[in-house]
Every structure is written in C-alpha cells, then in structure tokens.
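Trainee: These are the residues of each chain, in order.
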Amino acid sequence: MSLNFFFHSTNSIYFLQVSLQSAFLPADKNGNEKMWKYIVKRLLLIFVVLFGVTLVTFSAMHFAPGDPAELIALARYGSDLSSEQIEAVRAMEKLESSVCIQYMKWMDQLLHLDFGKSLISGDDILTEILIRLPATIKLAFSSLCISLLIALPAGILGALHKNTFLGQACVFGSLLGVSIPNFWLGVLFIWLFSLNLGFFPSFGYGGIEHLALPALTLGTSMAAVTTRLTRASMLEALNKEYIITARAKGLDERTVILKHALKNALLPVVTFSGMQLGYLLGGAVVVETVFSWPGIGKLLVDSIFARDFSMVQGCVIFIAVLFSLSNLAVDILYAFLDPRIRYEKHN
Amino acid sequence: MKLLDIKNLRVYFEAEGGIVKANDGVSLELGESEILGLIGETGCGKSILGRVVMRLLSEKARVEGRLLYKGQDLLTLPENKMRLFRGKEIGIMLQNPAQALNPVLTVGEQLAEIYRFHEGLREREAKEKARAMFKRVGIKPDRLGEYPHQFSGGMQQRVMLAIGLALKPSLLIADEPTKGLDPSTKHQIVALLSALVREEHSSLLLITHDLEVAATICDRIAVMYAGEILEAGPAKKILSSPGHPYTRNLLHSLPKYGLNVAVGQSPSLISPPLGCRFHPRCGSCLKKCSKIHPDLLKTGPRTYVRCHVYGKSGKADEIMKGAPEEMSEKTKNTAEVGRCHF
Ligand SMILES: Nc1ncnc2c1ncn2[C@@H]1O[C@H](COP(=O)(O)OP(=O)(O)O)[C@@H](O)[C@H]1O
Ligand SMILES: [Mg+2]
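Keeping their order, the protein sequence lines are chains A and B. When the letters of the first sequence are read in order and numbered with the numbering used here, they come out as residues 1 to 347. When the letters of the second sequence are read in order and numbered with the numbering used here, they come out as residues 1 to 342.
No lab work stands behind these hints: they were computed from the structure. Warning: the hint list may mix true and false statements.
Stated by the list, open to error - A few chain A positions that, by computed beta-carbon distances, are all more than 12 angstroms from chain B:
no., residue
1, L133
2, P134
3, L251
4, T289
5, L322
Claimed, not checked - Residues from chain A that keep clear of chain B, each with C-beta distances beyond 10 angstroms, as calculated:
no., residue
6, P65
7, G66
8, L337
As the list claims (entries may be wrong) - Heads up, simulated BS3-like pairs for lysine-lysine below, C-alpha to C-alpha not over 27 angstroms straight-line:
no., chain 1, residue 1, chain 2, residue 2
9, A, K240, B, K236
10, B, K127, B, K236
11, B, K168, A, K259
12, A, K162, B, K60
13, B, K88, A, K259
14, A, K263, B, K129
15, A, K240, B, K60
16, A, K263, B, K236
17, B, K81, A, K162
18, B, K186, A, K259
19, A, K240, B, K81
On a predicted model such as this, the values are computed, not experimentally measured, just so you know. Beta carbons are placed, not taken as given, at the ideal position from N, Cα and C, and that holds for glycine.
Extracted from the complex, chain A is given alone in its bound form (with noise of 0.2 angstroms):
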C-alpha cells in the first residue's frame, strides 16, 4: 500500500460519482418530494461506493504478496522475529478464518461504527481520526478562504482585461501556481518567511502563526486553479445575451459586471471550491506532511510508514465517507444556487 494508493483510490471514486450522479440527475423540476428522492438516491449511492472502496482497500492488504500475520508482526515487533511471535500475531487478529469470513466480520465492525484498533499502538483507530480532524478542518477552511481571495479578483481581472498586461500576468501567475508543486512551494515559504524572514514557525500546530505558511502553501496553489475557472466562466457570462440587455438599460459597467455576469460565472466556481473542500477535509496528504501538519493527511502517512495497516483502512474509508458527503452537499447547494435546478413547485 502506498501513497499512489490513496491518491487512486479517491480519484476514482470522484469519477464514479460523477458517472453515477449524471445518471441519476432528476429530469423534471417539480416538487421538493423529487429532491427527496434524489437526495436519497445519491445517500445510497454512497454506500455502493463506500462498500466498493472496503473491497478495494482490504484486498489490497490481503492480496499483497506477503503472510499479513509476518507483516503485522514486522511492524509491531522490528526485523527479527520468532514464528511464535508470527503465529501469537495470527490468533490474536483472527487472521486464520478465511477471507471471506474475515471481510465479512471486518465489515460488520465497520457496520457498528467500529473501526477496529490500530496494529501498533492499539488505540482506536475513530477516535484517532476524530482526535485529527480539526487541525485538518482549520487548514481546509482557511486555505479555501485564502484560495478565493486570491482567485475571484484575479480571475475577474483576468476576464475583463484579458489583452492587456494586467490579465495577462493574472493568466501567467495562475500558470505558474498550476505548475508548482506543493511540496516544493511549501518549502520555498519555510525557506523565504521562516528561515529568511522570521514571521511564521515552520512546522508545528497551536495558534495562527503555526497555520499561516501550511494555509498560505494551499490557498495559493489552489488558487491557480480557481483563478483559470473564474476566469473562463467570467469570459462566459459576460459574452452571453443578458449581458448586452443589462447595458441596454443603462446600467453602469460595475453593475453590469459585479451583478449580472458575476452571478452566473460563479455557479461553477461555487461547485469547484465546494469540491476542493471535500478534497481537503480528507487532508491535504504533502503539505500536511511538509509542515507536521497534525491532519488526517499527516495521520495517513504517517500509518503508512509505520505499516499501521488498520489504521490506513480506517483513514481511507473515514476520507471516502466524508468526500462523498461533501459532493453531496455541493450538489444541493448548486440546486440552491441555479434557479433553473431548483426544486420548486410552480404551475
């Protein structure tokens, strides 16, 4: 299991969804019985997925090559082991069932809310998470707010002066930001505002200057992105028809722009951040890592090296659940933001 996993893992999750969801999306628009059925529709959805990512991570662990007795005890007790060790392992995890049986317990566990113990330390591998997720919940939230303060205006600013030098060193630096990876932008930022400068600690988690350089490395990077979508959805809306009738009323360029195109491009940017988020609350795996971030992505890792591998289940279902659940809620917001989706009874 590996890092490549993960990533894997939950993007083809994401792509099923949307496969899924496209299938599924209510046809008719009357009714908030519809948005019921949909909503529901979509929660059951999420157990088939859920119950696709258990196949995938347990067999992983199964079917790696390798006794997973052997590879526990390795992980538990150093390189050199006696078969007692290797065997007392085995009964102890119940590893001598079958397969199937120990699937099938595994997920009756799962079932209850019971997401077993973790393989080395023997805590329970929930409430490790639980213990994670607001240090990982800190970090999502304020690199989105920084990713959109960053994004909007210079996605607007892009659009609307898009042959001049203005947009077009909005359009490069969003290049540029696409192009850096976190990693090493992260420690560029130790380098220039730690080391260098002096304002923020480099590592470490407790009050907002511990949370300015890890937020700033995401905000910034997931602003490239952002910064291209609001752009192009602003080149969108602003070529589109209502345009040239809200100038037609005499309305001045500011509202004309901040109101009636504004409010259009930003439905898909609404969608993409939302999505952003849910990718985020699974915790941002690299710079999590890079500034000891104590996140859910720090915990991952972390599990992986010390070859935790319940705790790593624990952490890639507790992911998928929430990533799920959060596609979810931007697909209602969306159906709250686009009148045209809304579910509404009307004659």
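Guided by the hints, dock chain B with the ligands onto chain A, whose structure is given.
Mentor: Below, chain B with the ligands alone, put in the same frame as chain A:
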C-alpha cells in the same frame, strides 16, 4: 419631425473569411410616434442595425456614418453620456428572450433595478413600479419573484416589453418579438406592443421577418437586403404596390399568395454581388443591374426605392424579350437559377 435619422451607416466586422459588411450604407428615418417595420431575410443585418442605434455592439465592430437621434449624433457621444440614453430615451427588446433575460435573477429584480438605478428609487418603491408595469403588460404581479425559465415564450416576451418600456422611452426597438410564438400568442403580443407604444406616443422600430406582423401595425415599412435598404415608404403603399422586385417577392411568399419563396440563396455579406445586390435572384433585371450599384431613389414623399428597373417596367419587358442573344455561355447557368437576363 424626425426622431431618428440614420445616414449612410456602415457596420463592418473583421471575420476569418474577410470583412463582414453587416450594414453597408444604411439610410433610414423614423418620425415621432411612428411605427416603422424593418423587414428582411435572416442574416441581412437587421439585429445589427437595432443594436448599433444603442451602441451595444462589441468594440470590434467598425462603425461609420451618422446616427442622429433628436438631432444629436449618437456615434460621437462619449460613453458616459450614451449610457443615460439607454433605457431612458431608447429601449430595446432583444431577440430571443430566453437568452436575453438573466437566468439567475428574478424577473422582478431585472425590472426593478431599472427604477432603482435611473430614478434613485428605494427597494419598495421600485418593486411597486415594477408591479404596475407587469400589470400593464399583462403579467400577474405576483410572478415578480419568479425566474425567466418559469415563463413561457410569450410571457418572456412580455417581460422584455416591460423592461423595454420601463422608463417610457421615446423610441422602442423590438427585435423579432414574435419569433417562435404560436399564432394566437403572436397576435396578443403584437396587439399589446402597438397599444402600449401608441399610449406612450413612443416610436417603434419593429424588426421582423414576418410581413404579416409588419402589415398589421406599421405606419411605414423599410425592406433590408444584404446590409442595405432596398425600399422604404408608407406601409400601405409598400404592401399594395411594392416598388422593388424583392419586396414583390416577399409579398408573394405570404401564405395567401401561395408561399412562393424567392429562389436562390441570401448573398454573402463579405463579398456581396456586384451591381444590385439582389440581381442574381431578380426576375426582371436589366443588363446594368449586374454592373452598376443602384442608388436609393426618392420616388415620393418619404418613399425610396433602390432599383434600376423602377418606373421602366414596360421597357424591362422589352429588354427581356430581346435579351437572350446577348447572353454569354458563362452567364446562362446563373441566369437559369436566378431567372436573370443580361
Ligand atoms: N460579431 C460579429 N462578427 C462577425 N459577423 C457578425 C457579427 N455579428 C453579426 N455578424 C454577421 O452579421 C450579419 C447580420 O446579422 P444580424 O443583424 O443578426 O441578422 P438578422 O437580420 O437576422 O438580424 C450576419 O450574417 C452575421 O453573421
Ligand atoms: Mg436578428
């Protein structure tokens, strides 16, 4: 008194295949409290003309000529002065209300914002005026909080009308207000439009390709073809004795005359035909029609025709009879398609 006097207006667009001459020397006048119908095939430049009057075209459009509104040239007006004319002096109903209304704002807000912006009214008063305006155009005022997609095509058109007339402008431009409507809705909209415009003593520039609609309410009619005006005059005269073969063609295409649609395709606006732009499709064209571009001739009070054949129809027949031997091999084919004799 002339409210709007357009003189030799040109609107050119830079496009991939060359310069699109969307309006190429348009001259047109519109009196006070007058309804002028602008008719012509799709793509001949009607919407462009409607928009350029309010200076709503993109900066890429090259505009030349004179656009006199109440004696003042709108084309030389600075943008901040021009903005005061929009909505207040000139209102417009754009083509396709489904796209011309903002999908994420309520129709009430799209109307009320006009009153807040131009008259400095507060939220409540603006809403009150919007309700009154909705009543006038025949929409229940309790639909103020609804969104454009909840309205039918005819109702959206009424919203557009409410927006266009919100500030009682002296000139309303209505771009294809009956397009895509069923016959009974169409008649309602046309009746409402003319009633409200007459009530306000406003002028109306009615852009349409529907001759019947133009015939019902227009005082005057102008016929546009390939970016220029071919004929303009009192509606009765144009409809009873059209001066231009193209107008005759349009009349014959009406259902009651048996839907005789004009042969041939609308010409390209990048490289329009030499001479008279209509000559390749004309049933009665002369030799010089393919060579010399006819001027817009004054043929009566406020009546104009752009045609070499006008007033010599007898002669035209003679020429047509005697013409075949003059035809070259090359022009024979085009002649068949266009029923044209050189
Ligand atoms: N921005 C533009 N760039 C290039 N060509 C344009 C542009 N806008 C309109 N045109 C061309 O101008 C012509 C006239 O368009 P329009 O006025 O909309 O016709 P209609 O008479 O159907 O209203 C069309 O052939 C169209 O292709
Ligand atoms: Mg048009």
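Trainee: Evaluate each hint against the coordinates.
Mentor: For each hint, the structure was consulted:
1. No beta-carbon of chain B comes within 12 angstroms of the beta-carbon of L133/A; the shortest separation is about 35 angstroms.
2. Listed as outside the interface, P134/A is consistent with that label: its C-beta sits roughly 36 angstroms from the nearest C-beta of chain B, beyond the 12 angstroms cut-off.
3. The Cβ of L251/A sits about 6 angstroms from the closest Cβ of chain B, inside the 12 angstroms cut-off, so the non-interface label is violated.
4. At roughly 41 angstroms, the least C-beta separation between T289/A and chain B is larger than 12 angstroms, which holds for a residue marked as non-interface.
5. Every CB of chain B lies more than 12 angstroms from the CB of L322/A, the least distance being 29 angstroms, so the non-interface label holds.
6. Listed as a non-interface residue, P65/A keeps its Cβ farther than 10 angstroms from every Cβ of chain B; the least gap is roughly 55 angstroms.
7. No beta-carbon of chain B is positioned within 10 angstroms of the beta-carbon of G66/A; the least distance is around 57 angstroms.
8. Not every C-beta of chain B lies more than 10 angstroms from that of L337/A, the closest at about 8 angstroms, which undercuts listing it as non-interface.
9. Distance hint between K240/A and K236/B is unfulfilled; the C-alpha atoms sit about 38 angstroms from each other, more than 27 angstroms.
10. Between K127/B and K236/B the alpha-carbon distance is near 42 angstroms, which puts this suggested pair outside the 27 angstroms criterion.
11. Distance check on the hinted pair: K168/B and K259/A sit about 24 angstroms apart at the alpha-carbon level, within 27 angstroms; holds.
12. Of the supplied pair hints, the one linking K162/A and K60/B holds, its CA atoms being roughly 14 angstroms apart against a limit of 27 angstroms.
13. Distance check on the hinted pair: K88/B and K259/A sit about 20 angstroms apart at the alpha-carbon level, within 27 angstroms; holds.
14. Of the supplied pair hints, the one linking K263/A and K129/B holds, its CA atoms being roughly 24 angstroms apart against a limit of 27 angstroms.
15. In summary, the hint linking K240/A to K60/B is supported, as the alpha carbons are separated by about 16 angstroms, within the 27 angstroms threshold.
16. Our distance criterion of 27 angstroms between C-alpha atoms is broken by K263/A and K236/B, whose separation comes to about 48 angstroms.
17. For the given pair, K81/B sits about 26 angstroms from K162/A by alpha-carbon distance, which is consistent with the 27 angstroms threshold.
18. The suggested pairing of K186/B with K259/A is violated, with an alpha-carbon distance near 32 angstroms, which exceeds 27 angstroms.
19. At roughly 24 angstroms between alpha-carbon atoms, K240/A and K81/B fall within 27 angstroms of each other, so this suggested pair holds.
The structure is inconsistent with the numbered hints 3, 8, 9, 10, 16, 18, although it conforms to all the rest.
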